[in-house]
Structures are given as C-alpha cells and as structure tokens.
Amino acid sequence: MNRQILHLFALTLVLFGVLIAFTSRWSVFEAESLGDNTLNRRGLLEQQQVPRGLILARDGRTVLAESVPEGSGDARIYTRRYPQGSVFGHPVGYSYITIGESGLERSRNDALTGDLDEFGTIFRELQDRTREGDDVVTALDPDAQRQAMELLGDRKGSIVALEPATGWVRVAASTPGYDPNTVDEPDVFEALNAPDNTERQLINRAVQTNYPPGSTFKVVTAAAALDTGKATPDSILDGSSPQEVSGVPLNNAGNVSYGPITLTTALTNSVNTVFAQLGEQVGTRTLVEYMERFGFYRDPQLDYPEDEMLASGVRNADQQLVTSGFDVGRVAIGQGGAEGQVQVTPLQMAEVAAAVANGGKLMQPRLTERVVAKDGRVEEDIEPAQQSQVVKPETAQQLTEMMASVVDEGTGTRAALSGVSVAGKTGTAEVDNGLANQVWFIGFAPVESPRYAIAVTLEDQPVGSSGGVDAAPLAAAVLQTLLEGS
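If you count the sequence shown from 1, position 246 lands on 268 in the numbering used here, and the numbers rise without skipping.
None of these hints come from the bench; they were simulated from the model. Worth double-checking, as some hints may not be accurate.
What follows is a list of derived Cβ distance ranges for each label pair [what the hints assert, rightly or not]:
id : residue 1 : residue 2 : range
1  : 329       : 107       : 23 to 33 Å
2  : 305       : 360       : 18 to 28 Å
3  : 268       : 455       : 15 to 25 Å
4  : 399       : 81        : 32 to 42 Å
5  : 153       : 485       : 54 to 64 Å
6  : 398       : 423       : 41 to 51 Å
7  : 484       : 153       : 48 to 58 Å
8  : 342       : 217       : 36 to 46 Å
9  : 207       : 175       : 44 to 54 Å
10 : 207       : 328       : 23 to 33 Å
11 : 103       : 271       : 54 to 64 Å
Here are the computed lysine to aspartate or glutamate pairs in the EDC-like style, where the Cα-Cα straight-line distance is at most 20 Å [what the hints assert, rightly or not]:
id : residue 1 : residue 2
12 : 252       : 311
13 : 414       : 506
14 : 252       : 423
15 : 396       : 137
16 : 178       : 330
17 : 178       : 132
18 : 414       : 321
19 : 178       : 481
20 : 383       : 481
21 : 414       : 256
22 : 178       : 221
23 : 414       : 470
24 : 178       : 454
25 : 396       : 154
26 : 383       : 314
27 : 383       : 423
28 : 252       : 302
29 : 396       : 81
30 : 178       : 405
31 : 383       : 405
32 : 383       : 311
33 : 383       : 321
34 : 178       : 201
35 : 252       : 314
36 : 396       : 132
37 : 396       : 88
38 : 383       : 416
39 : 178       : 452
40 : 252       : 416
Everything numeric in this text was worked out from a predicted model, so none of it was measured. Quick reminder that beta carbons are idealized off the backbone N, C-alpha and C, glycines included.
Given the sequences, and given the hints that come with them, work out the whole structure.
Shown next as structure tokens:
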C-alpha cells in the first residue's frame, strides 16, 4: 500500500510540474510575443482600459500625446488626443485600436501602457497598484519643430536637427503632414492610404524616404580621402570640365572649368570633376567602408519602429543595397549610374554633419530622453551612446574648416548667421529625368564648438532651384532658433 501511495504521490508531482511549466511558458516566457501578436485582440482591448502615459517635448511641459477618458466604471476606456496636431505627427505617431500604432507610440508602447513582464505584474498586484502608463519625455524642441514645419509649408521635404555630442533629435519635421487626431476616421485613413495619393502624408520623410543627396555626399568622399591620406585640404586636383568618368563625360555645374585647384576650393565651389577623381582614387571598397562608418548600409539606430525606417546606401534598379559594381566616380559626387545610385534619408545626412561636428565621433540618434513614472521617478534615463568613430579628430577638424569655407565664401552663403559661424555643404540633384530638382543643405553651428547639426531637403523643386538658394536659408533659420533657445 505504501509503495502505491508513493507512486501516486510521485505521479502527482510530475503532473503538477508539467502544468506549472506549461502555464509559465505562456504567462511568463511567451507573454511578450502574445502581447505583440496582432491577432490578439484581448491585448488591444486591455490597452484601451489603461491610461497611456503622456508624450512630452524636451521642456517637459508641451504635451504631444495624452489619454482622454470616455465612459465610466468598468465601461471606461481611454482614447488618444494630440494637442499639437500635425506638427509632431510623424515622430510621435498615433495609437488607435482600429488602425494600430506608429512612431513613438509604437516603439515606446510598453512604457506608455505600463506593460510589465509577468513578474512585474504580480508585484504590482501585490502592492494593489492600478496599472497606468509611464510618461515619455522626448528630445524634440517644440519651438524649433514648429518653425521647421512652418518653413517647409506646403512643400514636400524634411528637416532633421541633432545634437552632435549626444545624438538627441531636436527636430524631426516631415511634410506634408497629417493630423493624428483624425487619422483613425475610416474615410480619412482610406484616403491617406489610397494608391493614387501622391502626397503620401503618412510617410515620415525624415527616416522613411530615400533621396539622391547631390553634392552633400562630397563630405563623405572628402572624409574617406582625408582620413586615408589620399588627399589633404591643400592637395591640387584638376577642376577642368568636362572630364571623362567611367567612359562618359562629366561636367561641373554650369560647365565651369576651374583648372588646378585645392581640395578646399573644390568643396567650397562644389566642383564635380574633382570629387569624381577623388572617388576613383579612394576606390569602391574604401568609400563603402567610410559610408558604413557614417551609418549607411544599416537600419538607423533610432528608437523608432524598424519597419518605419530605411537604410541609406547605394541601391541598384531593384532598390537592393549594393557595395560593388557601381560607378564610384559618380557615386562620389552623390549621383551614380545604371549599376547603382546613392540614396539617403535626411536623418542619415544629419548624422554625417553631426559626426564631423563631434570630432569624427557618431552618436546614436535618440528621440527619447527619459521615461518617467507618474510619481516622478525616472524609470529609464537614456544615456548618450557612441555608434562609431568615423574619422580621426584631425580629419574632422579639416572637414570642419573646409565646410566653413562653403558658408563663408562658397555655395552655402545663405546659411550664414550674424555673429555665429556656420559650416555646411549644399546639394542639388536632378530627378524625374531632369524635370525637377532635389535640393539639400547639411551643416552645423557654431563652428568653434558645435551644438547643433542639421539636414534640410526639399523634393520635386523646379528646375533652376538649388540647395544654396532654397535649402540653406531654412537651415539657418532653424539653427538660429535652436541656438537662441538653448
């Protein structure tokens, strides 16, 4: 009898262990995947009953997203409201049970909903605490963001501004924008996603659209040449036009022929033929290596949904990233050929400027500064983190002086500020078979101790427009606002 009881007891223990293991798998170890499953309506419904945390601008006062209660008692739910409308629509995103989430609402969803792991949930219930979301304080500057959106106006484009020393994203503007307060309305959502909607308002052009960078890419080419000793700022190169590159004639802008000039003069005046030569001297492998150091060929290291961002790099006709087989001379000037053309996001080009400004050190870009509980405790303080050492500090200093010359006496004079030194580079790329231009300016200020780096681009601009005339003044205005607000 005793032996039968022991066997029964052992069997009971085994079955109990199996039961614990099975339930633990789903309640603890698989909890996150269950919560992320789009078919799990229970998770979405539960989130509606939780007051999501606030999303705030860097000042900690300007509310970008908040929860508003509807109903009472067990029927109470919370819906999102966005007091700033379209101004912060792209970086903040939206959150609705009907259409899901995007932007920071999605990437910071766990914090905003107070979504703890199973052990944290048990601990909260033992303390008899009501579930509520934490607040997310962003790095976004409300005045500069608002100004950037106003400057872009009804044009398609983007302005991104970073702190070079920290990677904080101070401006992430994209136009045309959309109002996250109405995006969940069926007619509005359908219209925004219609195949024939060429405005593409839901696309965050700061991180989700690739453009030809034009001559702003010459900063990357110069960085590779200077850092590897292929050239110095005073190296003399042939600036005559036209020149044959990969068997095809290449002209300078306006077909101006400069003759022998220094590399600094070539950057100041954006001389195509010099940088095409330089690209061929540097070579494909080395140029790609330095592109990778700047962050090309990988997803941006931003606290933003990965599938809402694009990697920059040389892409072939099938939009696949390629690292060889392309016309390196033309890629070196921000163009390309049939085998591959360089395509970039505004964030990527802001990172190029920021790395130069920060002594060659590229910091990871960050939209979030900290996560704060309702009782004021800082749950997560996001520390600045280095992404890569792109070039040597002395190379960065050389590039800084060359880019300062662009603004002082070259193609970027309209980016100049009174009493503040600015470094930068303009860019103009032909698009749509030469029927329109993509215009650019990248830069930073002050030159002596850079505090902000910026990238501005405008798409589908008329023939005759240029980065120096159309993009540079926008950069100057936003830099001025950021500097005055610091």
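Comparing the hints with the structure gives:
no.	hint	in the structure
1	329 with 107: 23 to 33 Å	holds (25 Å)
2	305 with 360: 18 to 28 Å	holds (20 Å)
3	268 with 455: 15 to 25 Å	holds (20 Å)
4	399 with 81: 32 to 42 Å	violated (20 Å)
5	153 with 485: 54 to 64 Å	holds (57 Å)
6	398 with 423: 41 to 51 Å	holds (46 Å)
7	484 with 153: 48 to 58 Å	holds (54 Å)
8	342 with 217: 36 to 46 Å	violated (23 Å)
9	207 with 175: 44 to 54 Å	violated (25 Å)
10	207 with 328: 23 to 33 Å	holds (28 Å)
11	103 with 271: 54 to 64 Å	holds (58 Å)
12	252 with 311	holds (15 Å)
13	414 with 506	violated (31 Å)
14	252 with 423	holds (18 Å)
15	396 with 137	holds (14 Å)
16	178 with 330	holds (18 Å)
17	178 with 132	violated (33 Å)
18	414 with 321	violated (24 Å)
19	178 with 481	holds (6 Å)
20	383 with 481	violated (29 Å)
21	414 with 256	holds (18 Å)
22	178 with 221	holds (8 Å)
23	414 with 470	holds (17 Å)
24	178 with 454	holds (15 Å)
25	396 with 154	holds (8 Å)
26	383 with 314	holds (13 Å)
27	383 with 423	holds (17 Å)
28	252 with 302	holds (11 Å)
29	396 with 81	holds (17 Å)
30	178 with 405	violated (33 Å)
31	383 with 405	holds (16 Å)
32	383 with 311	holds (15 Å)
33	383 with 321	holds (18 Å)
34	178 with 201	holds (16 Å)
35	252 with 314	holds (19 Å)
36	396 with 132	holds (15 Å)
37	396 with 88	holds (13 Å)
38	383 with 416	holds (12 Å)
39	178 with 452	holds (16 Å)
40	252 with 416	holds (15 Å)
Consistency with the previously given hints fails for numbers 4, 8, 9, 13, 17, 18, 20, 30, ordered from lowest to highest.
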